[in-house]
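*Asks:* Please build the complete structure, drawing on both the sequences and the hints.
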Amino acid sequence: MLTVLLSALVAPAIVSAACGQCVDAHSCIGESEFQLCYDGVRDQTINYTCPASKPICTTYGIICMPNATNIERGCGDVSNCGVCSESATFACTSRTTFAVCNGDVVSANSFDCAEDFVCSVKNAVSGSPCVSRCDSSDSDICDRVLEPDVETTTTSVTPTVTTPVTPTETSTDPSTVTTDSSTGSTGDTSTGSSSVTSSDTPTDSTVTVTDSGSTTQSTATTPAFNEDTYCQEINSTGRYPIPNDTVCTSYIYCILRSGSWTGLFYNCTVQKPYFDADIFSCGTVKPSYAGCTNLV
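Residue numbers -17 to -1, 1 to 279, in mature numbering (1 follows the signal peptide of the UniProt record, and there is no 0), belong to the letters of the sequence shown in order.
Some hints could be false.
What the hints assert, rightly or not - Here are the simulated EDC-like cross-link-like pairs (lysine to aspartate or glutamate), alpha carbons at most 16 Å apart as the crow flies:
| hint | residue 1 | residue 2 |
| --- | --- | --- |
| 1 | Lys105 | Asp60 |
| 2 | Lys255 | Asp87 |
| 3 | Lys105 | Asp118 |
| 4 | Lys37 | Glu16 |
| 5 | Lys105 | Glu69 |
| 6 | Lys255 | Glu69 |
| 7 | Lys105 | Asp123 |
| 8 | Lys37 | Glu14 |
| 9 | Lys105 | Asp121 |
| 10 | Lys37 | Glu55 |
By construction, these hints were calculated from the structure, which means they are not laboratory data.
Small disclaimer: the values here were computed from a predicted structure and weren't measured.
*Replies:* Quick look at the structure:
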């Protein structure tokens, strides 16, 4: 009877081992750590550690097993997750998601591979992260499963683009000109790279010209810059300058997502603070002309 009971407890669950995935009532989050699950959702407030005599977290009914056993570990290899190099384009953040690399920093904005595709660590470096499940291998994936209800935090950043406003005058007499404009800009520079989704606000400038006999008021509105439309016109994946930008500390990354082009704002790193449109990358020297170029 005891043998039968142990066999039932140790029998493997029908699921692929992956960090962060609930199996029955627990989820392995490391080789020796796990969290309890309630209705298929991890309680991430408390982490439990397997004892030294049984340090391996598994997907079986007996959660912790001795290290000498050949039972499959419940948490796969996560050493490849979120790894960026200077030349890498993307990094895998889970089995089926990837994010843009900005130097050696991985952005917080993750993108999903199509159904039946997984993220290949090797292919992500060269810019083609998603491969068919049939073509994947255990050593070439980030063996982590993200919670379906967890959303990635993004930061809204509005780039500073200077557009001249010409006042309308009806008299050569001394005039009073009043200009009111407001823009907002926020960003996260703690990591040297901001993963962002932009929402731009048009800049309204009102110019009032007054003389002794008449008053004329005109309002000039600068059209809002739309990064998605910008990327649709470019129709190519890569880093591109913000039009007319003279600050050159940010750039737009264009990517095809679900059949539509999406534009994302990013900040250059502290080590390479200036975007150079001539080489489509960040560098140490600020470009000389608007549009972040050194070419006239």
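*Asks:* Each hint should be assessed against the structure and marked as holding or not.
*Replies:* A quick look at each hint next to the structure:
For the suggested pair Lys105 and Asp60, the alpha carbons sit about 15 Å apart, so the restraint of at most 16 Å is met. At most 16 Å may separate the alpha-carbon atoms for a hinted pair to count; Lys255 and Asp87 meet this at roughly 12 Å. For the proposed pair Lys105 and Asp118, the alpha carbon gap of about 12 Å is at most 16 Å, so the pair holds. The suggested pairing of Lys37 with Glu16 holds, with an alpha-carbon distance near 11 Å, which does not exceed 16 Å.
Under the criterion of a C-alpha separation no larger than 16 Å, the hint pairing Lys105 with Glu69 is consistent with the structure, at around 14 Å. Of the supplied pair hints, the one linking Lys255 and Glu69 holds, its CA atoms being roughly 11 Å apart against a limit of 16 Å. Restraint check: the Cα-Cα separation between Lys105 and Asp123 comes to about 7 Å, which is no more than 16 Å; the hinted pair holds. Using a Cα cut-off of 16 Å, the hinted pair Lys37 and Glu14 holds, with the two alpha carbons roughly 11 Å apart.
Distance restraint check for Lys105 and Asp121: the Cα-Cα separation of roughly 12 Å lies within the 16 Å cut-off, and the hinted pair is therefore satisfied. Proximity of Lys37 to Glu55 is assessed by CA-CA distance (about 14 Å); at most 16 Å being required, the pair is judged to hold.
In summary, the structure agrees with every hint in the numbered list given earlier.
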